[in-house]
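With the hints as constraints, model all of the structure from the sequences given.
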Amino acid sequence: MRDVAIIGAGMIPCRSRWIDKTYWELAQWAVAEAIKDAGIHINAIEAGAIGIYNDIFEFQAIPESPLQSIIGLANKPLLRVSSGGATGAYTMLAAHTMVASGKHDMVLVLGVEKALDCYDYEAESPTPAVVQTIAYSWDPWFERPLGAHASSSYAQVIQAYMDEHPGDLALSARARLVELLSTQAHLNPYAQRRDETVTAEQVCNSRYVVFPIRVLETCVYTEGACALIFASPEKAEELRKETGREPIWITGVGAANEPYFVGRDVSRYKVLHRIHSDRLATQRALREAGLTIEDIQVIEAHDAFAPQLMITLSEMGVVPLGRANDLVEEGIVMPGGRLLVNPSGGLIFGGHFVGGSNMMSTWSVMREMKARDLDHGLVHGTGASLSMYGVVFVLERRG
Amino acid sequence: MTRDRMIIPPEMLPRSEREDVIGPTGSPIIVRNEAMFTAMKHSAGELSPFFVALRDECRITGHFCPSCKQTICPPFQTRCPECNFVEMERVSIGDRGVMAAAPVIVFFAPSRFKNEAPFANGYVFLRDERGRECDTALPVRVRTTTGMMRPGIVNKNTPVKVVFKNTREGSLQDIFVVAESELRAPDIQRTPLMESDLIAAKTVRAPLLVRPRFRADFARFVGLLSDLSGRVARSGRAQADLAGWRRSIRFQTGGGTVDVRIDDKVLSVDADMPARTGEPDVLLAIDDPKSVLAWITDGAALTNLLMDGSVRMDAGDLETITRLDRLPRSLRRDRI
Chain A
1 MRDVAIIGAG
11 MIPCRSRWID
21 KTYWELAQWA
31 VAEAIKDAGI
41 HINAIEAGAI
51 GIYNDIFEFQ
61 AIPESPLQSI
71 IGLANKPLLR
81 VSSGGATGAY
91 TMLAAHTMVA
101 SGKHDMVLVL
111 GVEKALDCYD
121 YEAESPTPAV
131 VQTIAYSWDP
141 WFERPLGAHA
151 SSSYAQVIQA
161 YMDEHPGDLA
171 LSARARLVEL
181 LSTQAHLNPY
191 AQRRDETVTA
201 EQVCNSRYVV
211 FPIRVLETCV
221 YTEGACALIF
231 ASPEKAEELR
241 KETGREPIWI
251 TGVGAANEPY
261 FVGRDVSRYK
271 VLHRIHSDRL
281 ATQRALREAG
291 LTIEDIQVIE
301 AHDAFAPQLM
311 ITLSEMGVVP
321 LGRANDLVEE
331 GIVMPGGRLL
341 VNPSGGLIFG
351 GHFVGGSNMM
361 STWSVMREMK
371 ARDLDHGLVH
381 GTGASLSMYG
391 VVFVLERRG
Chain B
1001 MTRDRMIIPP
1011 EMLPRSERED
1021 VIGPTGSPII
1031 VRNEAMFTAM
1041 KHSAGELSPF
1051 FVALRDECRI
1061 TGHFCPSCKQ
1071 TICPPFQTRC
1081 PECNFVEMER
1091 VSIGDRGVMA
1101 AAPVIVFFAP
1111 SRFKNEAPFA
1121 NGYVFLRDER
1131 GRECDTALPV
1141 RVRTTTGMMR
1151 PGIVNKNTPV
1161 KVVFKNTREG
1171 SLQDIFVVAE
1181 SELRAPDIQR
1191 TPLMESDLIA
1201 AKTVRAPLLV
1211 RPRFRADFAR
1221 FVGLLSDLSG
1231 RVARSGRAQA
1241 DLAGWRRSIR
1251 FQTGGGTVDV
1261 RIDDKVLSVD
1271 ADMPARTGEP
1281 DVLLAIDDPK
1291 SVLAWITDGA
1301 ALTNLLMDGS
1311 VRMDAGDLET
1321 ITRLDRLPRS
1331 LRRDRI
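Chain order of the listed sequences is A and B. Per the working numbering, residue 1 is the first one in the first sequence, and the count goes up by one each step. Per the working numbering, residue 1001 is the first one in the second sequence, and the count goes up by one each step.
Because the hints were derived from the structure by calculation, they are not lab data. Being a predicted model, the structure only gives us computed values, none of them experimental. For each residue, glycine too, the CB sits at the ideal point set by N, CA and C.
Computed footprint of chain A on chain B, listed as stretches where at least three residues anywhere in the stretch have a Cβ under 8 Å from a Cβ of chain A: (1) 1009-1022; (2) 1035-1044; (3) 1092-1104; (4) 1108-1122; (5) 1166-1177.
From chain A, some residues computed to sit far from chain B (all C-beta separations above 10 Å): (6) H41; (7) N43; (8) S69; (9) G72; (10) K76; (11) S101; (12) R194; (13) P233; (14) R287; (15) G336; (16) D375.
Pasting the structure below:
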C-alpha cells in the first residue's frame, strides 16, 4: 500500500438552510474550492468518492448520479458512500484505499448534505421532520417502533457510561467544554454558529432534548459541503514542486463497527457504556502510523454531543475511561493544555452536514497543523445506532 | 377514520402548493410543498413468530444457540454467526429482568412520535425459563405506576417486570416494563401481568399543600371541567378518545377536591362525589390548582405536569392520563 497525501481542501460556509442553493450547487462549489486550493485542473482527477448520508435529505434515491458531470467527473468512476454519521470518514477511507492500492493517483473526496427541506406540516416546523428522517436509520421492527432516534440513541450510551462511572461526565465539565467549543468556532470562517457565544451557565440551564442530554450540548443540523483531493506520493511531489504547496499525509487509517444489538460481551454485542469502535479505530490508525495517542497534538473528533465527545476522547486513550472530567478539570483540552480538540468548533458549533462533516474536520486539522506548525493530527468520525461506527485517520506533516 | 388508525395523520399531509421565498440576494426562490412517501405493506418476515407470541399469547420468545449456549432476545437472527451459522432454537423467555442502564427520557421526539413524548426507552436483560440471563438486551418502553418517568426511578440493574397492554397489535409497543419495586408481590409473580392489573398499584399519598388562596382557582377549574364535559358531548373526536374507557378520577387540590368520571364516551363532573364514594381509580394530587388550568385552557399536557411534579399521580393508570391529554386537541380539531 502506498502513502496518500491530501493536496487540497475546499470548504464552503455551513448554514442551517441554504434556501437559495440545491445540493448540486453546494457540491460543485466545494469541489471548485478544493481544485483551487490544490492548484490543479479538474481533469487531473481520475476518480471520486462521495459521501451523502441520507437520500431523503436530498429528496432523491441515488442522489450522487446528477453530480457526476456537475463535479467534473464525467465518464470517471464515482463511488457513493453512506455510513450514517460516519459517512464522511468512510468516504475518505474508500478514497484512501483507491489511492493507496495504486489503482488511482488522484481522487476527489466530496461530502455534501441538505437537511432543512424536510418539514413537519403538523408542527409547522422542520425540526421534527429532520429528526424523523434521521430516525429512519433505525430498524423498523425493534428500535424505531419505540421512537428511537439519533439523540435518544446517543443519550443511551451517555447514560450507560454515567451509570458505569458515577460522577464522570459532570455537567460542569461538559458545560465548560461546550463554552470552549463555542469560543473556538469564532476562528472558523465557515462555522454555522461562528457569531454565537454560549456560556457554561447557559448550557447548564438549557432544556433537555433527551434526558440526560441538553439542547446546548447537541450538534446542529447543517447544509453544506466539503471536498478534499487525495494523491499518490508521486503526484504530491510533482505538485509540491509546481505550486510550492505542502501536502498533509495520511499515515494511519483505522475503522471498526460495533454490533447493532445490545449485550454484555463486547466481542459479540454492543456494550452500552462503551464506544468500543472508537477505541479499536484509534488503536488501528495509530499502530499503522507508528504513533501513540501522546504524539497527537490536534484532534478533530466527531462531537454529535458534548458528553459523547468526552467518552470518545477517553476511548482514544487521551484519559482513562471514568476520568473524562480530567479533560476539562485538568486543563488537557482547555486553552494552554496539551491537546487541541475541535478547533473548528466541532459539529456542535461548526456544523454537521452529515455526508461531509468529517471532511470539514480534516480541513480543520490540516489548517491547524500548518498554522501552528504541528506534526501530528487526528480526525475521527462516528455514527449509526448507539454510536456503533468508528473511523480514525492520523495525519502527518513531512517537513 | 381517527388519527390513530392513519399511518400518516391528515394534519401531517402537505397541500399541493408552492410559494416564492425571497432569497438572500433579493431574488425569488421557488419552494414547493412535497412529500417523499412510499406506502407499504411491510413484512416482519422471520421475525413474525416473536411478534405473534407477544400479541396472541402474551409470551416473549428468543433464540438459543445449541453450540455456544447463548440466548438472544429479541431473536434478531436465526443462525449463530459465532458458531459458523448453526441453526438456533426458539425458546420461551421470562418476563422479569434487570435494566442494562437507566432509561433515557425523550422530550423531543421524531415527527411520528411527537404525540407520545415524553417517553422513556431502555434495554432490559430478561431471564430465560431456566433463570439464566439472556445474552442480549431487549429494547423496551419503560414506565412507572407513580406517574411520569423521572430520573432516578429506574436505574441500571433495577429489577423490572414486563407488562402487556390489554390491546396488542404485534409490536414492541405491546409491552413495557415497570420497576418491580412498584408492584405488589402477587403482581410480580403473575404471568402475564396485564396493564389493567396495574390499576391496583400501591397508593402513596403525598402531603397536600392547602392554602385559602387556592380556592378561587379551584372554583375556576371546576367550572372549566364542567364546560369540558359539555364540549366533549359535542365532539366526535373527543368521544372517540374516551371510547371503551371507564374510570373515576379524583383531582385533589390545595383548593378543593373534585371527581370526574369517564364512562365510555361520556365525561361527567361530580363535585359531590368525593363525599359519597370511596377510592377513585385515578388520584391526582395538585397543590396549586392554577397549575392544571392550562391543561384545559391551552392544552398543556397533564403528562408534562406529571413530569415536572406539579401534578402527582398517587394511584392510577397512565392510559387514563393519555386519554385526558388527547381531549383539548380533539376539541380544537373539531372546533368546539
